[in-house]
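Undergrad: For the record, the sequence lines run as chains A and B.
Under the UniProt record's numbering, the first residue of the first sequence is numbered 1, with each subsequent residue one higher.
Under the UniProt record's numbering, the first residue of the second sequence is numbered 1, with each subsequent residue one higher.
Just so you know, the hints here were simulated from the structure itself, not pulled from any lab data.
There's no promise every hint is true.
Each pair may be met inside one copy or between any two copies, as identical chains are not told apart.
List of simulated lysine-lysine pairs, DSS-like, C-alpha gap at most 30 Å [what the hints assert, rightly or not]:
#, residue 1, residue 2
1, K157, K271
2, K157, K176
3, K304, K262
4, K179, K304
5, K157, K304
6, K86, K157
7, K304, K86
8, K86, K271
9, K179, K157
For reference, the chains in residue letters:
There are 2 protein chains.
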Amino acid sequence: MRVLITGAQGFLGRLIVGRLVATGSISGQSITAMTLIDMVEPTPPDAPFPVTCHAGDLMAASLEPHDAVIHLAAVVSAEAEADLDKGLAVNLDATRRLLMAARDWGTVPIFLFASSVAVFAAQSNERLTDRTEPTPRSSYGAQKLIGEILVRDLSRKGIIRGRSLRFPTIAIRPGKPNKAASSFASSIIREPLNGEEAILPVSPDLRLHLMSPDGAVAAMAHALDLPQDALDGATTITLPGISVAVSDMLAALTPDQRALVKEVPDAAIAKVVESWPGGIDTPRAEALGFTADADFAELLTLSKAHL
Amino acid sequence: MRVLITGAQGFLGRLIVGRLVATGSISGQSITAMTLIDMVEPTPPDAPFPVTCHAGDLMAASLEPHDAVIHLAAVVSAEAEADLDKGLAVNLDATRRLLMAARDWGTVPIFLFASSVAVFAAQSNERLTDRTEPTPRSSYGAQKLIGEILVRDLSRKGIIRGRSLRFPTIAIRPGKPNKAASSFASSIIREPLNGEEAILPVSPDLRLHLMSPDGAVAAMAHALDLPQDALDGATTITLPGISVAVSDMLAALTPDQRALVKEVPDAAIAKVVESWPGGIDTPRAEALGFTADADFAELLTLSKAHL
Numbered sequence: 001m002r003v004l005i006t007g008a009q010g011f012l013g014r015l016i017v018g019r020l021v022a023t024g025s026i027s028g029q030s031i032t033a034m035t036l037i038d039m040v041e042p043t044p045p046d047a048p049f050p051v052t053c054h055a056g057d058l059m060a061a062s063l064e065p066h067d068a069v070i071h072l073a074a075v076v077s078a079e080a081e082a083d084l085d086k087g088l089a090v091n092l093d094a095t096r097r098l099l100m101a102a103r104d105w106g107t108v109p110i111f112l113f114a115s116s117v118a119v120f121a122a123q124s125n126e127r128l129t130d131r132t133e134p135t136p137r138s139s140y141g142a143q144k145l146i147g148e149i150l151v152r153d154l155s156r157k158g159i160i161r162g163r164s165l166r167f168p169t170i171a172i173r174p175g176k177p178n179k180a181a182s183s184f185a186s187s188i189i190r191e192p193l194n195g196e197e198a199i200l201p202v203s204p205d206l207r208l209h210l211m212s213p214d215g216a217v218a219a220m221a222h223a224l225d226l227p228q229d230a231l232d233g234a235t236t237i238t239l240p241g242i243s244v245a246v247s248d249m250l251a252a253l254t255p256d257q258r259a260l261v262k263e264v265p266d267a268a269i270a271k272v273v274e275s276w277p278g279g280i281d282t283p284r285a286e287a288l289g290f291t292a293d294a295d296f297a298e299l300l301t302l303s304k305a306h307l
Numbered sequence: 001m002r003v004l005i006t007g008a009q010g011f012l013g014r015l016i017v018g019r020l021v022a023t024g025s026i027s028g029q030s031i032t033a034m035t036l037i038d039m040v041e042p043t044p045p046d047a048p049f050p051v052t053c054h055a056g057d058l059m060a061a062s063l064e065p066h067d068a069v070i071h072l073a074a075v076v077s078a079e080a081e082a083d084l085d086k087g088l089a090v091n092l093d094a095t096r097r098l099l100m101a102a103r104d105w106g107t108v109p110i111f112l113f114a115s116s117v118a119v120f121a122a123q124s125n126e127r128l129t130d131r132t133e134p135t136p137r138s139s140y141g142a143q144k145l146i147g148e149i150l151v152r153d154l155s156r157k158g159i160i161r162g163r164s165l166r167f168p169t170i171a172i173r174p175g176k177p178n179k180a181a182s183s184f185a186s187s188i189i190r191e192p193l194n195g196e197e198a199i200l201p202v203s204p205d206l207r208l209h210l211m212s213p214d215g216a217v218a219a220m221a222h223a224l225d226l227p228q229d230a231l232d233g234a235t236t237i238t239l240p241g242i243s244v245a246v247s248d249m250l251a252a253l254t255p256d257q258r259a260l261v262k263e264v265p266d267a268a269i270a271k272v273v274e275s276w277p278g279g280i281d282t283p284r285a286e287a288l289g290f291t292a293d294a295d296f297a298e299l300l301t302l303s304k305a306h307l
């Protein structure tokens, strides 16, 4: 089982690399080689099998045959919205190039595509279900939805064994704020825990469909192990999450930490986040064995280990 | 109002060109110039405004600024299924190139994209609604759905005034059978009317969501005239049709004509057509003023004028 991971140097990329090195197998088959690709040089893990690292554009990378692909490389939401060409180049063209390379391999690889609940659009932060028709209100969501459709079609044709995971907002992430519109969801906890100020650009009443980084990695591992038959052609899976209000997240802080969070309403971000579902019912994913974090307290405890 | 029409030499292309030349306007604005593009040399109409004709690949064509685009060029279903690269090149890449050209024009053109009810997948030819989540079971349907998503996103960004029409099966068409899986829907009437044999590869019980060519052209004209506000961001419109069983279509033939239709079941085509909806409820399109043919008798009468 030769595994290719794109966006491998990102936060989730490094976590899934670590997990696969630890477990050593996918779907009961031993991992014999791993290729890591990212725009920045991937850090090779200490693994019992050869690991090849590539830094650079996925469009220019040489793509040798693999048996499993974990495609995490993406342009995040705010950047995809501001730069349509870049969003299409990475979120659409690079995905398509990987899929077409997989066709030429002839290995019918497992193909895990990282999609997002950003494919959904709520009217006003209300709760949706995994059967709600996706009507993205962002270019990022539109591009992820297109990727899902390609993964589904190539799976139907027997070219890949695809599974697209619609990830909840993943928090609390380590590191710095990034260009994702959801960046504040990590910032408002992470920065105060470090004694630093954070900006809250949205209403404390906003609800988020959240998953811990550990939950996201467990979901990826579970998805890689699923038999293709279990999907019955429906390769897109909306992952479970916990529905948490921003105010509930802030309540986990001490008063001193809470005082570090400055409410600075941002009309542009508010317009974006109102289209986010405040929660999502995900009976299909649960029937397939995917699970949400128990509650925000557990999510926070798990997240702190990475901060 | 400068109008660009792709696939202009196809059957529907020639009909909409004729209609626009006759009416001379779109959305109350006079047509001042028309550009026709097709793989085969378009026939210039006798028009009171200049008409420029281009034969060749849309990817290589020079795309000057226009105020309205009618994008009909496509690879049809059976061909898109057999040749994934060609389907993606025409149904996705050429659509995207047109959209990106439109962005550079700065004219915020009306952009009519010909989509298809092939984006839907029925379990077994049952009736669906325009709210059914599209889950295409053909590469053609997948590619049309991707086009819809791009049109929607670029409309949201104010780059175009997009409207994607999901066309029913359009029958009865003149000409020869083509590579569309639905080709038989015209063949089984057209050939017997001409005293020729036709092949029926599906069950006479199969129901089709049908529209006459005249109905399709009327729908295009109506869509071009719709104010963008009427769409409220939902640029995809599933068009009304009449639900007709193949046996009802055959009943319109005389006994001698009916005897010319040979039932030759084709398992591959049968597998495709069972995923076609036997009918579609389209309340949204009807509220927007789109109409279906009255019944099959009217559809046949209208169609005969083109045979």
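Undergrad: Are there hints from earlier that the structure breaks, and if so, what are their numbers?
TA: Those not satisfied are hints 5, 7.
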